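Chemist: Please put together the full structure from these sequences, using the hints given.
If you read the sequences in order, they're chains A and B.
Numbering-wise, the first sequence is residues 0 to 275 according to numbering that gives the first Met the number 0.
Numbering-wise, the second sequence is residues 0 to 370 according to numbering that gives the first Met the number 0.
The hints are simulated quantities; they were obtained by calculation from the structure and are not laboratory data.
Mixed in with the good hints there might be a few duds.
Unchecked claim - Pairs of lysine-lysine residues, derived as DSS-like cross-links and limited to a Cα-Cα distance of at most 30 Å, are as follows:
no., chain 1, residue 1, chain 2, residue 2
1, B, 142, A, 179
2, A, 179, B, 78
3, B, 273, B, 290
4, B, 78, A, 183
5, A, 179, B, 59
6, B, 127, A, 183
7, B, 59, A, 183
8, B, 127, B, 179
9, A, 183, B, 125
10, A, 183, B, 179
11, A, 179, B, 165
The structure presented is a predicted model; accordingly, all values stated were derived computationally and were not measured.
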Amino acid sequence: MTREEIIKSCLIFATGLFLMAFTLGPFIWMIWISLADRADFLVTGQVEYSLSNYRQVLTAHSLHFLDYLSNSLWISTITAIIVTLFSSMAAYAVSRMRFPGRSVVPLLILAMSMFPQISIVGYLFEMFSKAGLINSHMALILPYIAWTIPIALWINMSYFTQIPLDLDKAALVDGAGRMKVLYKIIFPLALPGIFSSALLVFIACFNEFLFAIMLTIDYTAQTLPVGIALFQGLHGEIPWGNLMAASAIASVPLVILTLIFQRYIVAGLMGGAVKG
Amino acid sequence: MQATKITIKSLAKSFITFRGKVDVLKSIDLTIEPGEFFVLLGPSGCGKSTLLNLLAGLEKPSGGELYFDQELVADAVGKFSGPFERDISMVFQSYALYPHMTVEENIAFPLTNLPQVPTSDVMRTKVKEAATLLQIDHLLDRKPAELSGGQRQRVAIGRAIVRNPKVCLMDEPLSNLDAKLRNEMRAHLKDLQKRLGVTTVYVTHDQLEAMTLGHRIAIMNNGVLQQVGTPVEIYRAPVNQFVARFIGSPTMNMLSGELNEEAGNLYLQADALKIRLPAETAGRLKARNLKKVTLGVRPERLYVKSEGEPDLALPVNVIENVGPEYLVYSFHQQGQIVVRTPDEPTGDRLDLSLDAGHLHLFDEQGARINL
Chain A
0 MTREEIIKSC LIFATGLFLM AFTLGPFIWM IWISLADRAD FLVTGQVEYS
50 LSNYRQVLTA HSLHFLDYLS NSLWISTITA IIVTLFSSMA AYAVSRMRFP
100 GRSVVPLLIL AMSMFPQISI VGYLFEMFSK AGLINSHMAL ILPYIAWTIP
150 IALWINMSYF TQIPLDLDKA ALVDGAGRMK VLYKIIFPLA LPGIFSSALL
200 VFIACFNEFL FAIMLTIDYT AQTLPVGIAL FQGLHGEIPW GNLMAASAIA
250 SVPLVILTLI FQRYIVAGLM GGAVKG
Chain B
0 MQATKITIKS LAKSFITFRG KVDVLKSIDL TIEPGEFFVL LGPSGCGKST
50 LLNLLAGLEK PSGGELYFDQ ELVADAVGKF SGPFERDISM VFQSYALYPH
100 MTVEENIAFP LTNLPQVPTS DVMRTKVKEA ATLLQIDHLL DRKPAELSGG
150 QRQRVAIGRA IVRNPKVCLM DEPLSNLDAK LRNEMRAHLK DLQKRLGVTT
200 VYVTHDQLEA MTLGHRIAIM NNGVLQQVGT PVEIYRAPVN QFVARFIGSP
250 TMNMLSGELN EEAGNLYLQA DALKIRLPAE TAGRLKARNL KKVTLGVRPE
300 RLYVKSEGEP DLALPVNVIE NVGPEYLVYS FHQQGQIVVR TPDEPTGDRL
350 DLSLDAGHLH LFDEQGARIN L
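Modeler: Structural data, given as structure tokens:
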């Protein structure tokens with residue numbers, strides 16, 4: 000190795016280490032506190048490690064942790080499925096079919112996502128109150144769909160446009176209808192894009208806070224971020240241990256999902272379609 | 000199965016773009032005979048692929064009518080049958096294989112879309128037949144990514160022939176292959192078409208492919224048919240300068256200038272170059288009373304003359320040895336003049352003679368003058 004190479008790899012290593020510490024630091028801190036019996040152990044120096052926080056969070060009915068978790072999972076899953084379905088079909092239409100306004104539609108949809116959430120949440124509250132939807136799963140699923148469809152559409156579009164148009168033509172010539180072209184040829188090839196968009200939508204909904212706190216009232220519809228935030232002050236003091244244990248458990252579904260989907264979100268599925 | 004005749008009547012296609020209307024095809028009239036290997040030839044952007052897409056049913060015409068045998072399959076008013084109803088198949092330049100399916104699934108795909116889907120046994124037999132014909136029967140379990148370019152092209156052809164279509168369309172199927180493989184596949188394709196007897200329309204920009212494959216060739220430029228004929232007809236009597244330049248390699252030499260009569264001989268003065276026209280040609284040209292013409296002569300029809308007064312004399316600039324013969328280049332104000340000769344020329348000047356039977360004359364608009 001030359002001097003230059005040594006310096007270069009040192010710098011890369013140092014930067015990598017810094018980024019890792021920066022991102023993983025809070026996470027490790029969270030796990031640490033969740034396992035400790037008291038949050039101020041660094042000051043007092045007295046600490047015992049146990050799983051009691053986790054046990055408490057999972058078993059104490061007054062905390063409603065499992066309600067929040069199931070609300071979050073339901074709402075995020077349903078939103079992700081609906082958004083993926085619509086955004087992938089829209090992406091197919093926009094990337095494959097000729098119709099007036101084909102280039103404008105994606106831009107309009109993107110423009111809609113540029114409104115800050117806070118500017119519409121008041122009106123949403125009024126509308127859902129009238130419709131009797133406040134404090135229901137639908138109160139979150141509907142706005143989440145509108146809120147995440149633009150990003151899902153754009154991710155899917157970028158994948159769909161990479162699939163050669165000749166494949167559609169070939170399938171049409173081979174006698175497949177538009178729907179069959181979609182689910183037999185285009186969807187299997189766009190799977191990485193569809194999975195990434197589904198995952199991102201799921202994560203966005205799972206973490207969303209503003210709509211969730213404004214449009215729900217109690218544990219029957221509240222999601223994890225809101226639920227965990229409301230742990231505060233429940234017993235007059237901030238229950239750091241419970242808070243951190245709940246947060247740690249809340250990140251488990253996302254970690255699992257990412258690990259599962261990661262296999263699909265790999266490039267190289269397109270090999271051999273056309274002359275590369 | 001009876002082969003299909005294709006009749007194209009005043010077919011036109013235009014696209015609306017931001018810059019206005021673009022006429023890609025302007026009133027094409029053409030008949031393609033049953034079982035014919037018909038080649039559409041032209042430079043890129045000439046509209047040949049659009050014409051193929053119209054035949055395929057992938058685009059709707061803006062004007063005119065299209066018949067398969069007696070059946071109207073598309074017109075500008077509203078009659079339109081899709082590709083499958085027309086019973087056509089297509090081979091794409093990019094192969095367009097389905098990358099997530101095996102070779103067997105790729106070839107079988109058209110069969111799975113038939114109104115009565117064959118049983119899996121019948122399907123397997125048909126796929127096997129097509130694969131054997133194309134010598135890819137040992138690759139049926141592979142995915143397209145594991146195949147070479149030539150093998151992929153064979154799979155694409157297999158997919159096109161497996162359900163015995165009425166018409167087979169090919170969009171530059173060989174242009175992604177390397178030169179050696181292209182020659183092999185060309186011969187293979189010709190043989191295959193002969194055996195199957197299916198009406199085939201083949202699009203290419205390669206004049207060699209067109210000359211060797213086609214029963215007849217249609218040459219297109221800017222959305223207009225320039226000439227339709229057998230390869231020999233087109234090579235021997237191109238109807239205009241565009242066709243003359245497009246067919247043949249190296250391209251036909253073209254020299255434009257004024258006709259002058261001197262001492263009983265007719266000369267073409269092309270800038271600094273003075274060319275004496277053969278007496279037979281001169282006689283006929285005089286009767287026409289033309290002032291300006293363009294003379295076209297193929298490189299192999301310029302004969303080296305060792306004795307007597309030459310019809311034209313060229314400075315020798317570059318000599319290329321291409322194996323069996325030599326190509327001599329002479330640079331001229333109007334471009335380069337190429338002479339094809341079996342013997343290596345000596346000296347820096349080449350004396351040449353012309354043969355009245357192999358001269359092409361074009362008027363100022365570029366159209367052929369028939370003498």
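Chemist: A separate judgement is required for each hint: does it hold in the structure or not?
Modeler: Each hint tested on the structure:
1. B/142 <-> A/179: Since the Cα atoms of residue 142 of chain B and residue 179 of chain A sit roughly 21 Å apart, the hinted pair holds (cutoff 30 Å).
2. A/179 <-> B/78: 24 Å, holds
3. B/273 <-> B/290: Holds, because 15 Å separates the two Cα atoms, which is no more than 30 Å.
4. B/78 <-> A/183: 28 Å, holds
5. A/179 <-> B/59: 21 Å, holds
6. B/127 <-> A/183: Holds: residue 127 of chain B and residue 183 of chain A sit about 23 Å apart, inside 30 Å.
7. B/59 <-> A/183: Holds: residue 59 of chain B and residue 183 of chain A sit about 25 Å apart, inside 30 Å.
8. B/127 <-> B/179: 27 Å, holds
9. A/183 <-> B/125: 21 Å, holds
10. A/183 <-> B/179: Measuring from Cα to Cα gives roughly 35 Å; hence the hint is violated.
11. A/179 <-> B/165: 23 Å, holds
Hint compliance for this structure: hint 10 is the single one not met.
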